[in-house]
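Chemist: Residue numbers (our numbering), protein chains in the order written: chain R, 1 to 673; chain H, 1 to 175.
These are computed hints drawn from the structure, not numbers from a lab.
Errors might be hidden in some of the hints.
Unchecked claim - Below, a list of computed lysine to any residue pairs in the SDA-like style, where the Cα atoms sit at most 25 Å apart:
id, chain 1, residue 1, chain 2, residue 2
1, R, K522, H, D125
2, R, K522, H, V74
3, H, K100, R, N524
4, R, K309, H, D160
5, R, K309, H, T124
6, R, K447, R, F240
7, H, K152, R, P372
8, R, K522, H, D160
9, R, K309, H, V17
10, R, K522, H, E159
11, H, K152, R, K447
12, R, K309, H, D125
13, H, K152, R, V385
14, H, K100, R, G604
15, R, K522, H, W72
16, R, K522, H, R127
17, H, K100, R, L69
18, R, K522, H, A105
19, H, K37, R, L378
20, R, K309, H, A14
21, H, K152, R, G604
22, R, K309, H, R127
23, R, K309, H, D164
24, R, K309, H, L15
25, R, K522, H, K100
26, H, K100, R, T609
27, H, K100, R, I375
28, R, K522, H, D164
29, H, K100, R, G600
These figures come from a predicted structure and were not determined experimentally.
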Amino acid sequence: MIPEIGQFALILALMLAVTQATLPMIGAARGRQQLIAIAKPAAQAQFIFVTIAFCCLAYSFISNDFSVLNVATNSNSRLPLHYRLAATWGSHEGSLLLWTFMLTIWMVAVTLFSNHLPEEMIARVLGVMAVVSTGFLLFMLLTSNPFQRLIPAAPDGRDLNPLLQDPAMVAHPPMLYMGYVGFSVAFAFAVSALISGRLDATWARWSRPWTTVAWMFLTCGIALGSFWAYYVLGWGGWWFWDPVENASFMPWLVGTALIHSLAVTEKRGGFKSWTVLLAIAAFSLSLLGTFLVRSGVLTSVHAFANDPKRGVFILGFLTLVIGGSLALYAWRARQVGLGSKFEVLSRESLLLTNNVLLVVAAGSVLLGTLYPLFIDALNLGKLSVGPPYFNTVFVPLMAPAMFLIGVGPIARWKQARLPELAVRLRWAFGLSLLTGVLLPFVIGGWKWRVSLGLLLAFWIVATVAQNIWNRVRISSGESTFVSRLKAPTRSYYGMQLAHIGVAVFITGVTVVTSYQTEKDVKMNIGDTVNVGGYDFRLNNLAQVPGPNYQAVRADIEVTKDGAAVASMHPEKRAFTAAQSVTSETAIDRSVFRDLYLSLGDEVGGGAWTVRVYHKPLVNWIWGGALLMAIGGGFAVTDRRYALAARKRTAEATAEKPEKLSTATASATSSAAK
Amino acid sequence: MNRLLLLPLALFIALVVLLLVSLRHDPHEVPSPLVNKPAPAFQLPQLQDPTKTFSAQEMRGKVWLLNVWATWCVACREEHPLLVAYAKTGAVPIYGLDYKDDRTAALQLLSEEGNPYVLNVSDTDGRVAIDYGVYGAPETYLIDRNGVIQFKQIGPINEDVWQDKILPLARRLNQ
Numbered sequence: 001m002i003p004e005i006g007q008f009a010l011i012l013a014l015m016l017a018v019t020q021a022t023l024p025m026i027g028a029a030r031g032r033q034q035l036i037a038i039a040k041p042a043a044q045a046q047f048i049f050v051t052i053a054f055c056c057l058a059y060s061f062i063s064n065d066f067s068v069l070n071v072a073t074n075s076n077s078r079l080p081l082h083y084r085l086a087a088t089w090g091s092h093e094g095s096l097l098l099w100t101f102m103l104t105i106w107m108v109a110v111t112l113f114s115n116h117l118p119e120e121m122i123a124r125v126l127g128v129m130a131v132v133s134t135g136f137l138l139f140m141l142l143t144s145n146p147f148q149r150l151i152p153a154a155p156d157g158r159d160l161n162p163l164l165q166d167p168a169m170v171a172h173p174p175m176l177y178m179g180y181v182g183f184s185v186a187f188a189f190a191v192s193a194l195i196s197g198r199l200d201a202t203w204a205r206w207s208r209p210w211t212t213v214a215w216m217f218l219t220c221g222i223a224l225g226s227f228w229a230y231y232v233l234g235w236g237g238w239w240f241w242d243p244v245e246n247a248s249f250m251p252w253l254v255g256t257a258l259i260h261s262l263a264v265t266e267k268r269g270g271f272k273s274w275t276v277l278l279a280i281a282a283f284s285l286s287l288l289g290t291f292l293v294r295s296g297v298l299t300s301v302h303a304f305a306n307d308p309k310r311g312v313f314i315l316g317f318l319t320l321v322i323g324g325s326l327a328l329y330a331w332r333a334r335q336v337g338l339g340s341k342f343e344v345l346s347r348e349s350l351l352l353t354n355n356v357l358l359v360v361a362a363g364s365v366l367l368g369t370l371y372p373l374f375i376d377a378l379n380l381g382k383l384s385v386g387p388p389y390f391n392t393v394f395v396p397l398m399a400p401a402m403f404l405i406g407v408g409p410i411a412r413w414k415q416a417r418l419p420e421l422a423v424r425l426r427w428a429f430g431l432s433l434l435t436g437v438l439l440p441f442v443i444g445g446w447k448w449r450v451s452l453g454l455l456l457a458f459w460i461v462a463t464v465a466q467n468i469w470n471r472v473r474i475s476s477g478e479s480t481f482v483s484r485l486k487a488p489t490r491s492y493y494g495m496q497l498a499h500i501g502v503a504v505f506i507t508g509v510t511v512v513t514s515y516q517t518e519k520d521v522k523m524n525i526g527d528t529v530n531v532g533g534y535d536f537r538l539n540n541l542a543q544v545p546g547p548n549y550q551a552v553r554a555d556i557e558v559t560k561d562g563a564a565v566a567s568m569h570p571e572k573r574a575f576t577a578a579q580s581v582t583s584e585t586a587i588d589r590s591v592f593r594d595l596y597l598s599l600g601d602e603v604g605g606g607a608w609t610v611r612v613y614h615k616p617l618v619n620w621i622w623g624g625a626l627l628m629a630i631g632g633g634f635a636v637t638d639r640r641y642a643l644a645a646r647k648r649t650a651e652a653t654a655e656k657p658e659k660l661s662t663a664t665a666s667a668t669s670s671a672a673k
Numbered sequence: 001m002n003r004l005l006l007l008p009l010a011l012f013i014a015l016v017v018l019l020l021v022s023l024r025h026d027p028h029e030v031p032s033p034l035v036n037k038p039a040p041a042f043q044l045p046q047l048q049d050p051t052k053t054f055s056a057q058e059m060r061g062k063v064w065l066l067n068v069w070a071t072w073c074v075a076c077r078e079e080h081p082l083l084v085a086y087a088k089t090g091a092v093p094i095y096g097l098d099y100k101d102d103r104t105a106a107l108q109l110l111s112e113e114g115n116p117y118v119l120n121v122s123d124t125d126g127r128v129a130i131d132y133g134v135y136g137a138p139e140t141y142l143i144d145r146n147g148v149i150q151f152k153q154i155g156p157i158n159e160d161v162w163q164d165k166i167l168p169l170a171r172r173l174n175q
C-alpha cells in the first residue's frame, strides 16, 4: 500500500510540475495575474507530494519491504537502520528521487525567500525549475520507477553495495545533489532574465546568494566524496579523476567562476552576457554529469545498473533544456549592452582572467572525460584518459589562477596601476617567495613542485593578511582596533576565508603528494615495519562477526621512538548477502599527518599483505574545502541579504537596485581608497 | 558578435551528436591488440607429466581454445563447471595454461572437479601469460588453423559468450 501511495504522489507531482511549467509562464508573458499566482502554491504542493513519495520509499527501505524491487536489490534485513535509510538513495531510482526531492526543496526556498522580487519574475523562475522537475519526474515514472513491485516478494534483499555502507555515504549524495540542483536556481534566474529581456544587474543580485549556497553544498559534497574514497577504497588516494568525480568537479569550477562573475555584474554592471552564459553552463554541466552517470556511456567506480533507454531519454531532455536555453541565449544576449568600461589592468580584468582560467580548466576536464567517448564514437579504438593528462593540464591552468587570488581583491575596480600594486604587494611577494624556496628544505628535500605549491599558498595567505591589515588600518571613523576589525562586511571576511581555504588546500595537496611514504609488506604476527618514522607491529589477527558480514581484524600497534602512538585495527570484511569482500582501512588522524593501514590478502603461512602509508598534511585537503564552504556561509549571511529580506513586500517592485549594493560595493572594493 | 553568441549552442549540438553515438557503444568491451594476430609461440612443460613439453605449434591445422586459469583464481572456479560441460559437447578442444600455480593443487582440483582440458601446460613464472597480454585469470583465446587469435574473452566465459560468440565463430572456422 505504502509504495502505491508513493507512486501516486509522484504522478500528482508530475501533474503539478506540468501546470507550474506552463501556466505561470503564459501568465508572465501576457501579464495575467491569476496565472502568475499559480506558481507559488503549485511549487509548494509539488514539494509536498515529492516529499510524500520520498518518505514512502524511505519507509519501504526501513520496514524491509522486499516486495519492492528497489528495496530487494539494494537492502537487506540485516543492514543497520541508518544504512537502510541511506540505501533509499543508494540505487539509480532512489538517487533520481533524491535529485527531484532536492529540486523541490530549492523551489520552496525560492517561494519563501523571494518575496522582495517582482511576482512575474518569481513565476518565470519557478516555471523554468518546473520544466526541469517535469523532465525528472517523467524520467522516473517512465524508465526508472522506484516503487516497482516484485511479485512474489523476495525473502530477503541482495544488500546495499558494501562500499556504500559507510557514514560518509549517508551524507555525500544529499550534499552533492543539493549543490548540483542548487545551480538550477541561478540557471532559472538567468533564463527568466533572458525571457523577460531584463538583463540588468538586478538578476545578478538576486541569484548571487542562491549560487553561493549551492556552491557551498557542492564544495562539501565533493569534499565528503573524496574523504569517503580516501578511507573506503583503501588505495590512500583522495582524487582519481574518475568520470563521475569529474562530473561533479566541472559544475564546481564553473560555479566558482559564476560566483566571481556575478560579483562583477552586480557591482559594476559588467560581464552581463558572460555571467548569463556561466549560469546556464553551471547547471548544464550538472545535468550533463547526471547523464554521464545514469546513461552508462562511461564506466566508473560509481557504475549503477545501466540501460540504454534511459540514456536516450536523458539525452533528449538534456537537448531540450540546455539546447533551448543556449538558443535563447544566442537570440537574446545580443541585446545586452557591454556594461561599464574597464582598463586592461583592473579588478574586472583580473576577475575575467581568473574566470577564463576556471572555465578553460572545466573545459579541459570535460575534454578529458569525453575524449574516450569521442575516440570510440569514431571507431578509433578504446582508451582511457588517466590522471597524467589531468595533472599535466590542470596544474599550469590553476597556478596563475591561484596567483590572481592574491592580486584581484587588492586591485582597484575599473583601473589599477601596476606600480601601486607592486608597492602594495612587495612584502607579501617577498615573504612567500622566501618561504616557498626555503621551506621545502626543512620539510624533507627541495622539489620544484613543492616550492611552487607552497609559494602560492603563502602568497594567498600573505595577500589576505595584507588586505585585511590595510582595511583595518585605514578605515577611519572607528576608534578601537576591534571595532575597526568589525567594520568590513561578513561577505568580505567570507571571501578572505574562502581564499585561505584554497591556500590550506594547496598546502595539503602539495605536501602529501610529495612527501608521503608507502610500503606494501608481508606481515606475520609479531612482525614490525617502519614507515615515515613510525613502527608498526602486527600483534594479532582475529575473526570478528559483524551484523551482515564476517571480518578478519588485525591488531597493529604503532610506536614512535618507543613511545606508544596508537593501536590500529584494519579489517577485511566478507559480506554474506552481497558476496563481496571489502577492506576496512584503519586511519590514525591528526592535523599534521595520517597513518593509514589497509589489510590486503592472506598470502599463506598465516601472513597477510599490509599496505602502510604515512601521509603528512593530508587532512588539510578537506580542511581547505571546509574553509571554502564556511567562507561561502559568511558571504550568504551578510547583513545586506537580511536587509533585503526585511525590505520585502509592497515596495518590491519599486525597489532601487543601487541603494542596497552601494554599502557593500564600497565595503568590498577593499582598501583601494 | 551575434555569431559568437551561437558558439555555445553549436558546441553543445556537437556534444549531443557525440553522446548519441556513444550510447550505441558498450564501454565494457575492451578489444585485445592480439585479436587477428598470430598467437605467440610457446613451449612449456605439461602439467600431468612435466618431463614432456607442449608447444602452440603442434596445434597448427586445428581450431582450439586456450584457457588461462589457476587454482588461486576464484572466478576460474566459477567458470570450471561450464568448461567441463562444454568439453563434453566436443565442439572445440580446450587446452589449459595453468598460470603461476602450484602443480599439486592444480592436479588435485582437476581430479576433484573434473578435467575439461585435453592437455594442460604449466606457466609457472607467468612468462607466456605476459606474451599473451593476460590481465588476470581467467582469460580464453580462440585460435584458428593458422595459429591466429580470432577471439579473446577477458574474465570467465558464461553461457552467453559461449553460445553467441565462441560456438558460432568456432563452427565457421572449422568449415
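Chemist: Run every hint past the structure and note whether it holds.
Modeler: Do the hints match the structure? See the list:
| no. | hint | result |
| --- | --- | --- |
| 1 | R/K522 with H/D125 | holds, 20 Å |
| 2 | R/K522 with H/V74 | holds, 22 Å |
| 3 | H/K100 with R/N524 | holds, 23 Å |
| 4 | R/K309 with H/D160 | holds, 22 Å |
| 5 | R/K309 with H/T124 | violated, 47 Å |
| 6 | R/K447 with R/F240 | holds, 23 Å |
| 7 | H/K152 with R/P372 | holds, 22 Å |
| 8 | R/K522 with H/D160 | violated, 40 Å |
| 9 | R/K309 with H/V17 | holds, 16 Å |
| 10 | R/K522 with H/E159 | violated, 39 Å |
| 11 | H/K152 with R/K447 | violated, 45 Å |
| 12 | R/K309 with H/D125 | violated, 46 Å |
| 13 | H/K152 with R/V385 | holds, 24 Å |
| 14 | H/K100 with R/G604 | holds, 15 Å |
| 15 | R/K522 with H/W72 | holds, 18 Å |
| 16 | R/K522 with H/R127 | holds, 24 Å |
| 17 | H/K100 with R/L69 | violated, 42 Å |
| 18 | R/K522 with H/A105 | holds, 23 Å |
| 19 | H/K37 with R/L378 | holds, 23 Å |
| 20 | R/K309 with H/A14 | holds, 21 Å |
| 21 | H/K152 with R/G604 | violated, 32 Å |
| 22 | R/K309 with H/R127 | violated, 44 Å |
| 23 | R/K309 with H/D164 | holds, 23 Å |
| 24 | R/K309 with H/L15 | holds, 19 Å |
| 25 | R/K522 with H/K100 | holds, 19 Å |
| 26 | H/K100 with R/T609 | holds, 18 Å |
| 27 | H/K100 with R/I375 | violated, 36 Å |
| 28 | R/K522 with H/D164 | violated, 43 Å |
| 29 | H/K100 with R/G600 | holds, 19 Å |
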